[in-house]
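K.L.:
Chains as they are written, first to last, in the working numbering: chain B, 1 to 212; chain V, 1 to 207.
If you are wondering where the hints come from, they were derived from the structure by calculation, not from laboratory data. A hint or two may mislead.
Claimed, not checked - The following label-pair restraints were derived from C-beta to C-beta distances: (1) V:Ile199 <-> B:Gly65: 22 to 30 Å; (2) B:Val67 <-> V:Gly43: 46 to 54 Å; (3) V:Glu42 <-> B:Val67: 47 to 55 Å; (4) V:Val89 <-> B:Arg63: 25 to 33 Å; (5) B:Glu135 <-> V:Ala54: 57 to 65 Å; (6) B:His184 <-> V:Leu15: 15 to 23 Å; (7) B:Val181 <-> V:Val89: 48 to 56 Å; (8) V:Arg147 <-> B:Gly36: 30 to 38 Å; (9) V:Leu15 <-> B:Gly65: 16 to 24 Å; (10) B:Gly36 <-> V:Val131: 52 to 60 Å; (11) V:Arg202 <-> B:Arg33: 31 to 39 Å; (12) V:Leu15 <-> B:Asp44: 31 to 39 Å; (13) B:Gly65 <-> V:Arg18: 18 to 26 Å; (14) V:Leu192 <-> B:Gly195: 38 to 46 Å.
Stated by the list, open to error - Facing chain V, a subset of chain B residues (Cβ under 8 Å, in silico): (15) Leu16; (16) Gly18; (17) Phe23; (18) Leu57.
Unchecked claim - Which chain B residues face chain V? A few, computed with CB under 10 Å, are given here: (19) Asp19; (20) Arg21; (21) Ala22; (22) Gly24; (23) His27; (24) Glu64; (25) Ala191.
Built from N, CA and C at the ideal position, the CB exists for glycine as well.
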Amino acid sequence: MNVAQPGLAALMDRYLDGDERAFGQLHAALSPRLRGLLGKLVRDNATAEDLLQATLLKAHLAREGFVVRGPHPDAAVQAWYATIARNLALDHLRGQVRERRRRVDGGEDRDLMQEIATDLPSVEEWQVDRDTAAEITRRVHEALAQLPAAQREVVELHKLAGLSMAEISERLQIREGAVRVRAHRAYKALARVLGPGLFLAAMQLWATRGQA
Amino acid sequence: MSLDAARLITADLQLARRARARHFGPALILSLLFVGGFLVLEGMRPDLWRQPGAQLLAQLAVWGLCLVALPAVGLGLWFPPRPLRIGLVIAAIAAAVLAALGPDLGRILGGTGQGPQLDYCVAGTVGTGLVVLTIGVLSGAFAARRRATSALWVSGGLSLMALDAIVWHCPSDDPGHNLFSHLGAAALLMLLASVAGLIVHRRQRGG
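The shape of chain B in the complex, shown without the other chains:
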């Protein structure tokens, strides 16, 4: 017998109410579409996957602000997630352009910023206020200080300096796989020390600042 699956709006409603099973179903329904969208925008599967995770985290932290507008609730949910994903992708692309400009050191790429200009809402709209950010930063730095030096170094290079795993590998002269293992352990330890809520807030903060 076919059991009708709840729509995205119904799942979102239950997720907003705190139902983790509904979040799981929503995640399963949305992730392939968001992955496809991000893949088209950044043209790199690994980056698209990174941005998908960041999208889910940002949406989770901003979920209280979600309201259904328009006559199609399911489409509103999809559009909300897609907007967050696109903003993150655009911020990522802007960050890449800035990086290239720094490297070119002559300003010949200045017009590249115009190439990805957008009229979508900026990522700053999702940022937490400064006081909260300062408190999160302080707690994160305390948690970072508790990590072994090798793990802390990877997190600082990845999240604070904005280097990719490949760049960290090159800089530290270790295999990229080893960098990923260290990062994985470091994030697990941070999530344990900070708790899921604060850890999510830190990830959101890094995601927004890392691109700026």
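With chain B held as given, fit chain V onto it using these hints.
P.N.:
Just chain V, lined up with the frame of chain B:
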């Protein structure tokens, strides 16, 4: 990416659920103490364990529903699927009717006994319910969830609690009295608590 956002978000939701359970635990215990205190002070019916088996079973089911199932749904500690939610509502109504009136529902149709009137049992049911309602309002139970319908689950829970308390106190076997002063009073309480709960939800949740 070394992050699994879904796992982190799920952990965050579970943490929030545990925090809600910790927050509302004392309110539930306080409600139970109050209802228990009412039964101790006013006395339990002498024939409590001599009631028909089905009626006693329904009363125990009502305790389970009002102390565990309905608050869990209303406070966002349990998210049963829609068919189960509908089943819970039907079970709650059926158990309340059976608990209050007993298995011999045919006697009610006979129309014998007392009609609607304001007596001790009505005052006891509504009074007990209003105290539990106050505990619910003060603890924020009516606005624990985003959905306004959550207030109805909490209202249902406290109405059943008040009904079971009066049924365990009053030994009446007059079907009219049981219908109007027990079940009717609980229905009135449900109505009052639902309206109050929805208003509180609207005020505390801003919509």
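K.L.:
Each hint: holds or not?
P.N.:
Hints, verified against the model:
1. V:Ile199 <-> B:Gly65: 22 to 30 Å: Since the Cβ atoms of Ile199 (chain V) and Gly65 (chain B) sit about 24 Å apart, the hinted range of 22 to 30 Å holds.
2. B:Val67 <-> V:Gly43: 46 to 54 Å: holds (53 Å)
3. V:Glu42 <-> B:Val67: 47 to 55 Å: Holds: the Cβ-Cβ distance is about 49 Å, inside 47 to 55 Å.
4. V:Val89 <-> B:Arg63: 25 to 33 Å: holds (28 Å)
5. B:Glu135 <-> V:Ala54: 57 to 65 Å: Hint holds: Cβ distance 59 Å, inside 57 to 65 Å.
6. B:His184 <-> V:Leu15: 15 to 23 Å: Holds: the Cβ-Cβ distance is about 21 Å, inside 15 to 23 Å.
7. B:Val181 <-> V:Val89: 48 to 56 Å: holds (51 Å)
8. V:Arg147 <-> B:Gly36: 30 to 38 Å: holds (32 Å)
9. V:Leu15 <-> B:Gly65: 16 to 24 Å: holds (20 Å)
10. B:Gly36 <-> V:Val131: 52 to 60 Å: Distance hint for Gly36 (chain B), Val131 (chain V) holds at roughly 56 Å.
11. V:Arg202 <-> B:Arg33: 31 to 39 Å: Once the Cβ atoms are compared, 35 Å apart, the range 31 to 39 Å for Arg33 (chain B) and Arg202 (chain V) holds.
12. V:Leu15 <-> B:Asp44: 31 to 39 Å: holds (33 Å)
13. B:Gly65 <-> V:Arg18: 18 to 26 Å: Holds - the Cβ-Cβ distance for Gly65 (chain B) and Arg18 (chain V), about 24 Å, lies within 18 to 26 Å.
14. V:Leu192 <-> B:Gly195: 38 to 46 Å: Because 40 Å falls inside the window, the suggested range holds.
15. Leu16: holds (5 Å)
16. Gly18: holds (5 Å)
17. Phe23: holds (6 Å)
18. Leu57: Hint on Leu57 (chain B): holds, closest Cβ of chain V at ~5 Å, below 8 Å.
19. Asp19: Nearest chain V Cβ about 4 Å off; hint holds.
20. Arg21: holds (7 Å)
21. Ala22: holds (7 Å)
22. Gly24: holds (7 Å)
23. His27: Check passed: Cβ of His27 (chain B) comes within 5 Å of chain V, closer than 10 Å.
24. Glu64: holds (9 Å)
25. Ala191: Holds, about 7 Å.
Checked against the numbered hints given earlier, this structure breaks none of them.
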